[in-house]
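Protein chains: 2
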Amino acid sequence: MSAVNDTVLDDHPGSVRALLRCPRGAVDVTSFDAAATPGYPGKGRADSLEQLDALRPTLDDLEERFYANSIHTRGPSVLLVLQGMDGAGKGGTVRHVIGMVDPQGVHLHAFKTPTKEELAHDFLWRVRKEVPGAGQIGIFDRSHYEDVLIGRVNKLAAPDEIEKRYGRINEFEAELASHGTRVIKCFLNVSKDAQKKRFLARVNDPEKYYKFNPADLESRSHWDEYMQAYDLALSRCNEDYAPWYVIPCDHKWYRNWAITRLLIEEIEAMGLTWPPADFDVEQARRQVEAL
Amino acid sequence: MSAVNDTVLDDHPGSVRALLRCPRGAVDVTSFDAAATPGYPGKGRADSLEQLDALRPTLDDLEERFYANSIHTRGPSVLLVLQGMDGAGKGGTVRHVIGMVDPQGVHLHAFKTPTKEELAHDFLWRVRKEVPGAGQIGIFDRSHYEDVLIGRVNKLAAPDEIEKRYGRINEFEAELASHGTRVIKCFLNVSKDAQKKRFLARVNDPEKYYKFNPADLESRSHWDEYMQAYDLALSRCNEDYAPWYVIPCDHKWYRNWAITRLLIEEIEAMGLTWPPADFDVEQARRQVEAL
Chain A
1 MSAVNDTVLD
11 DHPGSVRALL
21 RCPRGAVDVT
31 SFDAAATPGY
41 PGKGRADSLE
51 QLDALRPTLD
61 DLEERFYANS
71 IHTRGPSVLL
81 VLQGMDGAGK
91 GGTVRHVIGM
101 VDPQGVHLHA
111 FKTPTKEELA
121 HDFLWRVRKE
131 VPGAGQIGIF
141 DRSHYEDVLI
151 GRVNKLAAPD
161 EIEKRYGRIN
171 EFEAELASHG
181 TRVIKCFLNV
191 SKDAQKKRFL
201 ARVNDPEKYY
211 KFNPADLESR
221 SHWDEYMQAY
231 DLALSRCNED
241 YAPWYVIPCD
251 HKWYRNWAIT
261 RLLIEEIEAM
271 GLTWPPADFD
281 VEQARRQVEA
291 L
Chain P
1 MSAVNDTVLD
11 DHPGSVRALL
21 RCPRGAVDVT
31 SFDAAATPGY
41 PGKGRADSLE
51 QLDALRPTLD
61 DLEERFYANS
71 IHTRGPSVLL
81 VLQGMDGAGK
91 GGTVRHVIGM
101 VDPQGVHLHA
111 FKTPTKEELA
121 HDFLWRVRKE
131 VPGAGQIGIF
141 DRSHYEDVLI
151 GRVNKLAAPD
161 EIEKRYGRIN
171 EFEAELASHG
181 TRVIKCFLNV
191 SKDAQKKRFL
201 ARVNDPEKYY
211 KFNPADLESR
221 SHWDEYMQAY
231 DLALSRCNED
241 YAPWYVIPCD
251 HKWYRNWAIT
261 RLLIEEIEAM
271 GLTWPPADFD
281 VEQARRQVEA
291 L
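Sequence order for the protein chains is A and P. Each step along the first sequence adds one to the number in full-length UniProt numbering, with nothing skipped, and position 139 is 139. Each step along the second sequence adds one to the number in full-length UniProt numbering, with nothing skipped, and position 56 is 56.
If you are wondering where the hints come from, they were derived from the structure by calculation, not from laboratory data. A few of these clues could be false.
Same chains, same label: a pair holds when it works inside one copy or across any pair of copies.
[Stated by the list, open to error] Below are the DSS-like pairs computed for lysine-lysine, each with C-alpha atoms no more than 27 Å apart in a straight line:
1. Lys116 - Lys197
2. Lys129 - Lys192
3. Lys112 - Lys211
4. Lys129 - Lys112
5. Lys129 - Lys116
6. Lys164 - Lys112
7. Lys116 - Lys211
Based on the provided sequences and hints, a complete structural model is requested.
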């Protein structure tokens, strides 16, 4: 298994990993510019499809190699955590970024309002069931962080229970890392203005009605409290073995490019080669040629 | 919910559904040409990427509408069953065809050698757990048909048990159809020659070693028995509510185009519109504009 935990150390300054890494220590998420486009090599929206397409072959090749490393042995896995306010682009990221990856290597789970059975268990119970297997890119559309986000804002648990969860999350993520899972957490940072524009599109376009949920307006009315809850989550659970990245999401094209680039850099840093044959190659060649 | 069961009836002659539908009645799978390209509108391999890309926006649009139909109500689902000899292209189909679909709407399961727990249950037990939910395109990479294919060839169950399974499968698929699941079964038809070429590529290219399994040579040595087992499966379990299609797979580019086209025709035939809003649109507009 690769030592996937050492990879943050060799970031070079121009990498998206370096540019978007949330600094350790106290965090004020409102200080990040949601409309920024750090590291983007192109002209903007105009060439964004070409820029994304340019990354496709690299992602494709890296992902296949990553997948192949777990066919006969237990290679590393990736867990991509997507968190953000409604309209930030969790679904769009899955569609456009994860949509570029071979479905055979993807394990996607969207965490919804917990069921009664889930609530009857520890908050990590339902999360553990969905962690990616070796060779898989797991994607959490929302995650265990909801339990310190909406959990905190809506007071869904006692204050001391919420406080304990940050430590529990760090232990959980350390355990994942020690078993070869590279945990990559993305805070999809959208501005209030951009969120309003996206809500408007949803209520004005019949093809987007299905994306609108009046409850999203309720969450927005607690915007500042959510930002404070994100501040705490990003400062208390931001170890190098499970780093947070702050993704500027006001431009969807930048978001797609940046997260694709991030995935590429993370898998590239694992330094995986194609796995050796687990069979006698010479003998197999002779057998196949004789067919 | 749409009446997804009536859709086979209105096939027009030029559709891939009509061209590749396995006729009901006795079947001899060796009579189908694995190198044929029925319905392909282009020149062949030369323009195959363009032909596939040309289908992408249609699939994308249809799939999103299909997905949207199950957000607030229970819309239909699709179950795409992929069966074929090793090297026929089950994995390639998932990669290239299902890879075009938004991962949020995909439920993929690859059935492997049954575990002890699975063997302790009825053969459909593990299969039922993986059927797609409403709005999902489920893909079975191998399926319950293994239990009448390798099950028959390798005598993994008593002959009378194997005989009973065809009826059990028909009942199971009828049940799926009655709950709104459109079952589409693809026999990926590869010739012995093409299989040999693909095995050769796997043993000669270090980037493809991971796809080679010496056990595949063992299956090939029972080729004729497998073909007879497919004959039985395709003739006994080929109702209009869960039809078999025979996909010529010697040309990978044709296979990808044909299965994409098939998915498009099947979803198109459901005649789905964008779902109405489940909220008061005027009120929501006023609320969002006032934000």
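Going through the hints against the structure:
1. Lys116 - Lys197: neither (35 Å within a copy, 54 Å between copies)
2. Lys129 - Lys192: neither (34 Å within a copy, 41 Å between copies)
3. Lys112 - Lys211: within (14 Å within a copy, 36 Å between copies)
4. Lys129 - Lys112: The answer is both: 14 Å in one copy and 20 Å across copies each meet 27 Å.
5. Lys129 - Lys116: The answer is both: 16 Å in one copy and 21 Å across copies each meet 27 Å.
6. Lys164 - Lys112: within (22 Å within a copy, 41 Å between copies)
7. Lys116 - Lys211: within (25 Å within a copy, 42 Å between copies)
Checked against the numbered hints listed earlier, the structure breaks hints 1 and 2; every other hint is satisfied.
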